[in-house]
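Asker: Residue numbers (the UniProt record's numbering), protein chains in the order written: chain A, 1 to 682; chain L, 1 to 682.
Please note that the accuracy of each hint is not assured.
Same chains, same label: a pair holds when it works inside one copy or across any pair of copies.
Simulated crosslink set (DSSO-like; lysine-lysine; CA at most 30 Å straight-line) [stated by the list, open to error]: (1) K485 x K21; (2) K571 x K460; (3) K84 x K461; (4) K576 x K588; (5) K287 x K491; (6) K378 x K304; (7) K169 x K45; (8) K34 x K304; (9) K336 x K296; (10) K576 x K526; (11) K572 x K11; (12) K588 x K520; (13) K34 x K60; (14) K167 x K129; (15) K576 x K534; (16) K460 x K239; (17) K650 x K239; (18) K520 x K460; (19) K45 x K22; (20) K520 x K336; (21) K491 x K520; (22) K526 x K336; (23) K491 x K588; (24) K34 x K22; (25) K11 x K534; (26) K515 x K588.
To be clear, the hints were calculated from the coordinates, so they are not data collected in a lab.
Listed below, chain by chain, are the residues.
Number of protein chains: 2
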Amino acid sequence: MGDLPYGPLTKYRDFATFDWKKMKNFVTTTDVLKFEKVLHDEMLKHPLLYQQQLVTPSLKEQRIITAQKLKVLYQIVEKMMNGKAFKSLEMLSFVNAVFALDVSLGLKYVVNSSMFAGGVLRMGTERHKEIAEQALRGEIYGCVCFSEVAHGTNAQGLRTTATYDLKRKQFILHTPDFEAAKCYICFGMLPLYVLCVNSKRILGKSAEYGIVYANLILPGGENRGIHAFLVKIHDTNLKPYLGITTADLGEKIGANGVDNAIIIFNQYPVPRESLLNQVGDVTEDGKYIANLNNSKEIYQINLKGFSESRVRVLAMTTSYLVKSLTIAIRYAAVRKQFSPSDGQDEVSIIEYQTHQYRLFPYLAMAYVSKIFCQYVFKNVYGMTPLASIAEELHAITSGAKSVIVWLVRDAIQECREACGGHGYLKASGIGEMRNSNDLNCTSEGENHVIIQQTSNWLLKKWPSVLQNQRVKNPLRSIEFVNDAKNILNTKFSSSVMDIDCILNTFKWLTCYMLKTTYEKHQAILKQSSEFHAKNEIQVFHAKTLATVYVQHLMLSVMKEQIADTENTELKKVLSKLFILFGCWCLDKHMMKLYSGGYIINTNAPSLIQETILNVCGELKNEAVALIDAIAHPDFIVNSILGHSDGEVYKHLEAAVFQNPHAFGRPSWWTEILEHQNVFSKL
Amino acid sequence: MGDLPYGPLTKYRDFATFDWKKMKNFVTTTDVLKFEKVLHDEMLKHPLLYQQQLVTPSLKEQRIITAQKLKVLYQIVEKMMNGKAFKSLEMLSFVNAVFALDVSLGLKYVVNSSMFAGGVLRMGTERHKEIAEQALRGEIYGCVCFSEVAHGTNAQGLRTTATYDLKRKQFILHTPDFEAAKCYICFGMLPLYVLCVNSKRILGKSAEYGIVYANLILPGGENRGIHAFLVKIHDTNLKPYLGITTADLGEKIGANGVDNAIIIFNQYPVPRESLLNQVGDVTEDGKYIANLNNSKEIYQINLKGFSESRVRVLAMTTSYLVKSLTIAIRYAAVRKQFSPSDGQDEVSIIEYQTHQYRLFPYLAMAYVSKIFCQYVFKNVYGMTPLASIAEELHAITSGAKSVIVWLVRDAIQECREACGGHGYLKASGIGEMRNSNDLNCTSEGENHVIIQQTSNWLLKKWPSVLQNQRVKNPLRSIEFVNDAKNILNTKFSSSVMDIDCILNTFKWLTCYMLKTTYEKHQAILKQSSEFHAKNEIQVFHAKTLATVYVQHLMLSVMKEQIADTENTELKKVLSKLFILFGCWCLDKHMMKLYSGGYIINTNAPSLIQETILNVCGELKNEAVALIDAIAHPDFIVNSILGHSDGEVYKHLEAAVFQNPHAFGRPSWWTEILEHQNVFSKL
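Chain A with its partners taken away, still in its complex shape (with noise of 0.2 Å):
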């Protein structure tokens, strides 16, 4: 680990009151460090994945550097793992250093890895394991085909049919109407030229394919649900095959390296050995073959998807936090407004209490999310057989991908205001992080409907608790609701907000948005379906039972890490961090301690809120160190406000005249006249 530059931001660094190296070898541990930086080396090779672009090239542009960069990226990976499939924490840090590189990239090359191979692997068979193989090795490039025009989050409404045709042996594939076209396809038209023929790859069986879901319609008429078909889409040519149209989805508000696409199938002929046959087949006569009898088993299978693609964005979620965190922060502890008095100094805005607060409770949670992701890493991609703990990591995952990623959007929304006018400059870099974010809103499970799977599944424990059964949570991530009649008597009495006053009142707030929240669903039950219920009680019920849950169990996360260490300094700045970001949730869930009974007659309120300043206070003179142990290095954080020299105004002055452009008349001065002619009849 090389010393930071000298400089404007000296001064903060040096008011720290703990080694920043230490820490970031605490939070990132020296194996995965190792890794990191062997991945950053190899990626400072390659000045295209890192050129800073000033101005946004045409789309057309943006899909071809993609398309390049994405080439160089698999040439790192091979280089780097030999074929060997990341571990758990190293599949994490290279989706932290890739997607705040540069989102498209990172959406391409999960797209083909994860969602397209991973998709093939865990769905399919024997029969299907070579072309998710090459795909591994990006030979060939693979898209899936879930969301219709009409339907994403809802896969029951999805509406392409695959009806096995007895005389043909063969699927036909069809779209009923442009509403069940496919849709927001990511397409790899390029990689596979580039790949292919560059890398002097054999061309072969480079067709381009998809994973297609669709109902499985039987000769008989019968429609046994939706399937999964590994299916070619386009042939060498990059032509779409007959029976199938393509178009492009048009510019996005981020994101536009990916060529998203629609596609529409007109009778389009598939083999029968396309279906993705782990779960169910069909016999060459046109019998349905369940594989798989236990319907848990099956619905285990599709939950590894799920939990695979939202721990994923969950890293790149925190990656997007700690990178505006970087920029905002460094800014604040250079730029200078406002002096005390006539005559004195400005002050640095890091110093204003307002600041502090805009900016440190996301601090905290950032180090609070980089620990978070470990566990669910380390859970998804680890030792335990997955089914065994499937419904509550998909629990956790469903709702911490919801919690997280609001936060977060609330975090680079701050970040972008912290930083003022600059920051409204593309060479900011706090745009793109809001834009990259802005997808993981309504992607991979649309928020406000994915995390009602986390409030489903805790509404389904409670029973267990008043039968007086223990509760089933192999994770243990709701042990302690098994003490919740105890826990619900229990009041507010700490005179201090510490770890274990701010964990208990998350324990008794879960319970009690549990009991409310059970207790409402059962009554609206008695007069309305279950759908109509299930409706009423979001709002202030579920989805405030769910925020809680995934809250205290990030807490408890951190709180065993911090136990981890041996290093005093450290557990004291990690534990101010545990508290501003525990107090900062509780005082957003108060009214529910008032209205539950938790808090009577006592000053919590303000005990609270003050913890909150005065951490923040304590706080400023360690965020500067505090950002430095997780920041990506300059070359990823590519911002003018954030670079770890902090020499804002040099680069703000580099940024401007590096423009081409930038200087006297514009370029385009005499093209006017022309554009006269063209406009003059307006």
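Mind docking chain L on chain A? Use the hints.
Answerer: Same frame as chain A, but now just chain L:
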């Protein structure tokens, strides 16, 4: 007013209990509707103004197009107004339409006509009038050079100097270093040419001007503080004069049709008469003469400028709100997801309580804000001599700008997410609204800084209350504070959340926040400086104080407006909007109501939350018609999801199929091999 097209939205339109045309007439008054109709009709004659851009043009093209649009807009204004100024509500209506159509166009127009010309008229004297009038006619284009690279909202920190040179009898403008370079200058290079050459106007004096704010330094070295100068920046060939360096600031998050720039002065001489000398002047022999002896008068001249800028922001942010809601609510009525049970039809997502709760409070706010905008425009541009109300108006507009821009920021994000994956498409139009409004958070006074103007003004009033003196508030925005002692003794005792109950609660809340903020401020002052004390009261006190003050005022204005209608159907639904917005705001202030003792042992929290959900349910059948009554016409909404015909999927299909590059192989597929060569060495 034409009828709306038959289609997927007809069902919900038919549900409405009121006539949307009558509502439209009521909310926008017949006079203004006539003006709006002419404006829309004129705009419709120029397809350039509203051509759909499926793909963002290059920065260069965006600027050329914006300049061309600006020319058209000046022609329209000339035709409509024939040299007359807009009346107050016409101005509101104009800003409403132009900014929703194109933020860059709006900014370009406003910078020249209002900020430049208005600034010259406000701060200059007879000798500057001609230039201002040329700008008002669009014959020349002027910019405003206020912010510097390292200072914006803090005007005292500006470092550009204008030193009077006795020998030359000129001011010498100088930029000491890059940090003091003038920044975010909105140039008008193109309009200059377009307007002067093409509209056959005489080129004459058409050099580009800027109002430059600089420290006026007298020959002896005395600094008389920030003054404004009217300065020629470019000659008629668009070349900056010797001694001026200009550079483009580069791409921004949004508003890229505006060519923001940096200006550096290097000992640049300007005539003595350049000084905008309303406030003070410098004689030929270098003496400073204060033209206004009363510092209050000077202050009020500045306040007028600020208030004008800020009410314009209120108009534009409300316009963005309405446009985003139009898109999200129409799409919510059309889009169906999930069936209550197998075999049943899917349900429009507007039927879901969660979705109602996400959108309808903002719909209610849109009505409250539209009416509030009329109130502030009438005051700023109205008959009352501004001086008498300047301070109160400044407090109102500063606070309202922050509070409303932030709420609209959240509203637009909610709309974006409520539109799911399609909301992420450029063609949905919401991303652009977000980028446009984002600017408002940090420009025209950074929100966190200017909201302090409001709390500072309020805090100055509290001593009067303590001393039993009447509080001076010519606009009566805090007239009730005269009764604070009684109000603070009241308790919440209502069993129903009606208009008066909500206003009374807000009155208590404002008095309570005023009292507690004042007391906290005084307590800190005992041990610390004023600078410190002001900073330490912001987070949990002063910001909330300003917020509740603004919200109470918005609701009070809404109440008066509701009282103005005789139509019982309108009255009924407008009251629901009042109640929803009021309760939704109060729900977020509940903790203060609790901890301040206004709510004791009552069911107020659940009453407020139940009211919110019930009114949301009632508004479900009104929402589409409520949007119809305030929506921009389709050519301004310009969204595949928000068209008044509700044919979401047809518009999406058309947008996809109109894209010339949509089909089959990307147009650039043959270029890949060429690109290989460029990158193959990487």
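Asker: Just pull the numbers of the violated hints for me, sorted ascending.
Answerer: Hints 1, 2, 3, 5, 7, 13 and 16 are the ones this structure does not satisfy, whereas the remaining hints hold.
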